[in-house]
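Number of protein chains: 2
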Amino acid sequence: MSGSAVSSASAAGEQLASGNEVQDVTMKVLAAENDDHGGVIVEMKEAMDSEAFVSLLRASIAHWRQQGKWGVWIKMPIELVNLVEAAVKEGFWYHHAERKYLMLVHWIPEGPNTIPPNATHRVGVGAFVLNEKGEMLVVQEKSGQLRGTGIWKFPTGVVEEGEDICDAAVREVKEETGIDSKFVEVLAFRQSHKSFFEKSDLFFVCMLQPLSFDIQKQESEIEAAQWMPIEEYAAQPFVQKHGLLRYLMDVCLAKKDGDYSGFTLVSTTFSFSNEESYLYLNGGCLKSQ
Amino acid sequence: MSGSAVSSASAAGEQLASGNEVQDVTMKVLAAENDDHGGVIVEMKEAMDSEAFVSLLRASIAHWRQQGKWGVWIKMPIELVNLVEAAVKEGFWYHHAERKYLMLVHWIPEGPNTIPPNATHRVGVGAFVLNEKGEMLVVQEKSGQLRGTGIWKFPTGVVEEGEDICDAAVREVKEETGIDSKFVEVLAFRQSHKSFFEKSDLFFVCMLQPLSFDIQKQESEIEAAQWMPIEEYAAQPFVQKHGLLRYLMDVCLAKKDGDYSGFTLVSTTFSFSNEESYLYLNGGCLKSQ
Numbered sequence: 001m002s003g004s005a006v007s008s009a010s011a012a013g014e015q016l017a018s019g020n021e022v023q024d025v026t027m028k029v030l031a032a033e034n035d036d037h038g039g040v041i042v043e044m045k046e047a048m049d050s051e052a053f054v055s056l057l058r059a060s061i062a063h064w065r066q067q068g069k070w071g072v073w074i075k076m077p078i079e080l081v082n083l084v085e086a087a088v089k090e091g092f093w094y095h096h097a098e099r100k101y102l103m104l105v106h107w108i109p110e111g112p113n114t115i116p117p118n119a120t121h122r123v124g125v126g127a128f129v130l131n132e133k134g135e136m137l138v139v140q141e142k143s144g145q146l147r148g149t150g151i152w153k154f155p156t157g158v159v160e161e162g163e164d165i166c167d168a169a170v171r172e173v174k175e176e177t178g179i180d181s182k183f184v185e186v187l188a189f190r191q192s193h194k195s196f197f198e199k200s201d202l203f204f205v206c207m208l209q210p211l212s213f214d215i216q217k218q219e220s221e222i223e224a225a226q227w228m229p230i231e232e233y234a235a236q237p238f239v240q241k242h243g244l245l246r247y248l249m250d251v252c253l254a255k256k257d258g259d260y261s262g263f264t265l266v267s268t269t270f271s272f273s274n275e276e277s278y279l280y281l282n283g284g285c286l287k288s289q
Numbered sequence: 001m002s003g004s005a006v007s008s009a010s011a012a013g014e015q016l017a018s019g020n021e022v023q024d025v026t027m028k029v030l031a032a033e034n035d036d037h038g039g040v041i042v043e044m045k046e047a048m049d050s051e052a053f054v055s056l057l058r059a060s061i062a063h064w065r066q067q068g069k070w071g072v073w074i075k076m077p078i079e080l081v082n083l084v085e086a087a088v089k090e091g092f093w094y095h096h097a098e099r100k101y102l103m104l105v106h107w108i109p110e111g112p113n114t115i116p117p118n119a120t121h122r123v124g125v126g127a128f129v130l131n132e133k134g135e136m137l138v139v140q141e142k143s144g145q146l147r148g149t150g151i152w153k154f155p156t157g158v159v160e161e162g163e164d165i166c167d168a169a170v171r172e173v174k175e176e177t178g179i180d181s182k183f184v185e186v187l188a189f190r191q192s193h194k195s196f197f198e199k200s201d202l203f204f205v206c207m208l209q210p211l212s213f214d215i216q217k218q219e220s221e222i223e224a225a226q227w228m229p230i231e232e233y234a235a236q237p238f239v240q241k242h243g244l245l246r247y248l249m250d251v252c253l254a255k256k257d258g259d260y261s262g263f264t265l266v267s268t269t270f271s272f273s274n275e276e277s278y279l280y281l282n283g284g285c286l287k288s289q
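Here the protein sequences come in this chain order: A and B. Take 1 as the starting number for the first sequence in full-length UniProt numbering and just add one per residue. Take 1 as the starting number for the second sequence in full-length UniProt numbering and just add one per residue.
Keep in mind the hints are simulated off the structure, nothing from the lab. Each residue gets a CB set at the ideal place from its N, CA and C atoms; glycine is no exception. One thing to keep in mind: the hints can contain errors.
Said to hold, decoys possible - When the alpha-carbon atoms are kept at most 27 Å apart in a straight line, the in silico BS3-like pairs for lysine-lysine are as follows:
hint	chain 1	residue 1	chain 2	residue 2
1	A	LYS194	B	LYS256
2	B	LYS182	A	LYS100
3	B	LYS182	A	LYS75
4	B	LYS194	A	LYS174
5	A	LYS194	B	LYS142
6	B	LYS182	B	LYS142
7	B	LYS45	A	LYS89
8	B	LYS256	B	LYS194
9	B	LYS75	A	LYS75
10	A	LYS133	A	LYS100
11	B	LYS100	A	LYS75
12	A	LYS100	B	LYS89
13	B	LYS174	A	LYS100
14	B	LYS69	A	LYS100
15	A	LYS142	B	LYS100
16	B	LYS182	A	LYS142
17	B	LYS28	A	LYS194
18	A	LYS182	B	LYS241
19	B	LYS45	A	LYS100
Unchecked claim - Part of the chain A face toward chain B, derived, beta carbon under 7 Å:
hint	residue
20	THR156
21	GLY157
22	GLN216
23	MET249
24	ASP250
25	LEU253
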């Protein structure tokens with residue numbers, strides 16, 4: 001990506017034969033990178049007024065159309081909010097947004113677009129941390145719906161951008177209770193909808209093996225934390241009352257007795273990018289592992 | 001939600017005792033609904049110019065501050081893009097966006113906000129559909145990275161907004177091949193990062209039981225579709241070359257031989273909302289099922 005948002009293009013000259021009726025003109029267009037799907041990505045950086053932006057944008061789209069480009073992405077930092085209205089009036093729509101930027105997109109060809117969908121799910125983790133005495137790590141939270149109820153629960157949290165599920169569970173346990181631990185298995189997961197406006201949730205219950213035992217609770221979020229016999233946790237009326245928690249307790253009790261296998265972790269690579277990613281599967285069933 | 005974006009509030013009168021120095025004034029504020037976390041949600045509907053919007057917004061925030069509100073959400077349809085710059089200048093930032101709207105958010109109290117994070121993951125499905133002859137359903141796609149390579153693959157697709165993973169797998173198989181099927185298990189899943197700008201992917205491999213057998217391929221996306229002996233699929237050099245696909249093939253072969261258990265489905269309810277959601281777990285290990 002160029003540091004400047006503007007570059008020069010010989011718009012006519014690139015694709016048309018130079019004849020008597022065709023003249024080369026050099027004009028300013030927005031600097032863009034190609035994406036992997038026949039489109040271009042513009043990362044706006046420089047402040048400009050919206051009239052200047054509109055002329056640049058029109059020239060750029062004419063240029064990209066000549067080049068046969070399909071999708072046009074503009075990543076617009078929130079500081080350049082003055083340009084959003086102009087982009088929308090030129091035919092861009094919202095694709096996604098984060099705190100500091102808005103991603104706008106436009107489709108040049110005729111016909112339906114193949115713009116990929118936005119992210120639809122938040123991902124959470126709950127940690128079942130069982131020590132050798134058959135006690136599990138439980139907490140009471142200072143905020144949220146269980147605040148002040150005296151109900152003990154699994155440590156839970158949200159998977160951060162770019163974080164692996166297995167790492168998120170270990171991190172949350174460390175943050176909330178000070179306990180070091182090692183990921184063992186995903187025991188179960190739940191999908192729920194409309195948890196946050198139109199977005200869905202995927203919640204993974206992970207079994208972790210504790211590597212330390214002295215609890216140091218997080219002051220900001222955690223009211224209390226302790227090791228508790230698993231049967232005592234299971235006997236809480238709140239757990240008994242809720243189908244989901246009863247099922248999870250059945251899983252945890254079976255796991256404690258060695259009768260349950262969840263999904264273990266395999267690091268593997270895929271395809272074109274050759275990037276490593278984690279595959280979760282029932283490794284105990286595979287002879288080759 | 002009121003149909004009008006504007007309502008009247010007796011801003012001073014609601015919370016202050018009426019004394020000699022305090023006067024009740026009625027002023028216009030934006031119509032808002034309370035959320036479950038001490039904040040308010042404004043759904044903008046009416047076109048207005050940005051000066052009028054700024055005065056309304058300032059009066060509204062003063063009003064909500066008096067009421068002790070925390071987060072303020074504004075759902076701004078793309079038609080009202082002319083108001084986005086004004087909202088940002090009044091201290092709002094972007095939370096998320098979809099094609100037709102931008103969700104802006106502002107935090108009234110001093111101190112760190114507890115605004116929940118945006119969705120971080122797209123969710124995909126792949127379908128392992130095995131018939132009684134030991135043949136699996138495979139396709140060649142008309143677009144994407146495998147286009148024109150002659151490589152046979154599982155039917156795959158993206159989980160739509162609000163859709164369950166189990167339903168998405170059945171839907172994709174029906175759309176791409178015309179085959180009716182029934183969800184059996186999640187065999188494995190993969191998490192990968194930066195698949196789409198900063199967003200991550202969760203990809204669930206589902207086993208489905210076919211309920212019909214005559215293939216009618218989707219013209220728009222599918223080049224070819226057929227039932228193929230599982231060993232023939234596995235022998236493709238592309239499958240052999242990639243760690244991820246080799247692992248998945250081991251899983252599918254073990255499943256075919258009855259040696260593998262993935263996660264089955266339990267419909268259950270949780271907690272306050274009492275809404276049904278699906279829990280995926282190794283049901284074969286639980287005696288109570």
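Taking the hints in turn, this is what the structure says about them:
Note on LYS194 (chain A) and LYS256 (chain B): the hinted pairing is violated, with a Cα-Cα distance of about 36 Å set against a maximum of 27 Å. Restraint check for LYS182 (chain B) and LYS100 (chain A): not satisfied, since their Cα atoms lie roughly 43 Å apart, outside the 27 Å limit. Restraint check for LYS182 (chain B) and LYS75 (chain A): the C-alpha separation of about 41 Å exceeds 27 Å, so the hint is violated. A distance of roughly 26 Å separates the Cα atoms of LYS194 (chain B) and LYS174 (chain A); the hinted pair therefore holds under the 27 Å criterion.
Annotation: proposed proximity of LYS194 (chain A) to LYS142 (chain B) is violated, straight-line Cα distance about 33 Å (limit 27 Å). Restraint check for LYS182 (chain B) and LYS142 (chain B): the C-alpha separation of about 26 Å stays at or below 27 Å, so the hint holds. Under the criterion of a C-alpha separation no larger than 27 Å, the hint pairing LYS45 (chain B) with LYS89 (chain A) is consistent with the structure, at around 18 Å. The suggested pairing of LYS256 (chain B) with LYS194 (chain B) is violated, with an alpha-carbon distance near 33 Å, which exceeds 27 Å.
With a C-alpha separation of about 20 Å, the suggested pair LYS75 (chain B) and LYS75 (chain A) falls inside the 27 Å cut-off, and the hint holds. Taking the CA atoms of LYS133 (chain A) and LYS100 (chain A), the gap is about 48 Å. The hint is violated against a cut of 27 Å. The suggested pairing of LYS100 (chain B) with LYS75 (chain A) holds, with an alpha-carbon distance near 17 Å, which does not exceed 27 Å. A hinted pair counts as satisfied when its Cα atoms are at most 27 Å apart, and LYS100 (chain A) with LYS89 (chain B) qualifies at roughly 13 Å.
Restraint check: the Cα-Cα separation between LYS174 (chain B) and LYS100 (chain A) comes to about 40 Å, which exceeds 27 Å; the hinted pair is violated. Taking the CA atoms of LYS69 (chain B) and LYS100 (chain A), the gap is near 24 Å; set against the 27 Å cutoff, the hint holds. Under the criterion of a C-alpha separation no larger than 27 Å, the hint pairing LYS142 (chain A) with LYS100 (chain B) is inconsistent with the structure, at around 37 Å. With a C-alpha separation of about 43 Å, the suggested pair LYS182 (chain B) and LYS142 (chain A) falls outside the 27 Å cut-off, and the hint is violated.
A C-alpha spacing of about 31 Å is found between LYS28 (chain B) and LYS194 (chain A), which places the hinted pair above 27 Å, so the restraint is violated. For the suggested pair LYS182 (chain A) and LYS241 (chain B), the alpha carbons sit about 31 Å apart, so the restraint of at most 27 Å is broken. For the hint linking LYS45 (chain B) to LYS100 (chain A), the alpha-carbon distance of about 25 Å falls within 27 Å, and the restraint holds. Given hint, THR156 (chain A) at the interface with chain B, is violated; its Cβ is 13 Å from that chain's nearest Cβ, farther than 7 Å.
Checking GLY157 (chain A) against chain B by beta carbon gives a least distance of about 11 Å; that is not within 7 Å, so the hint is violated. Taking 7 Å as the C-beta cut-off, the interface hint given for GLN216 (chain A) is violated, the closest approach to chain B being about 21 Å. Checking MET249 (chain A) against chain B by beta carbon gives a least distance of about 10 Å; that is not within 7 Å, so the hint is violated. Hint status for ASP250 (chain A) relative to chain B: holds, with the closest Cβ pair at about 5 Å, below 7 Å.
At its closest, the beta carbon of LEU253 (chain A) sits 9 Å from a beta carbon of chain B; the interface hint therefore is violated under the 7 Å criterion.
When held up to the earlier numbered hints, the structure conflicts with 1, 2, 3, 5, 8, 10, 13, 15, 16, 17, 18, 20, 21, 22, 23, 25 and fits the remainder.
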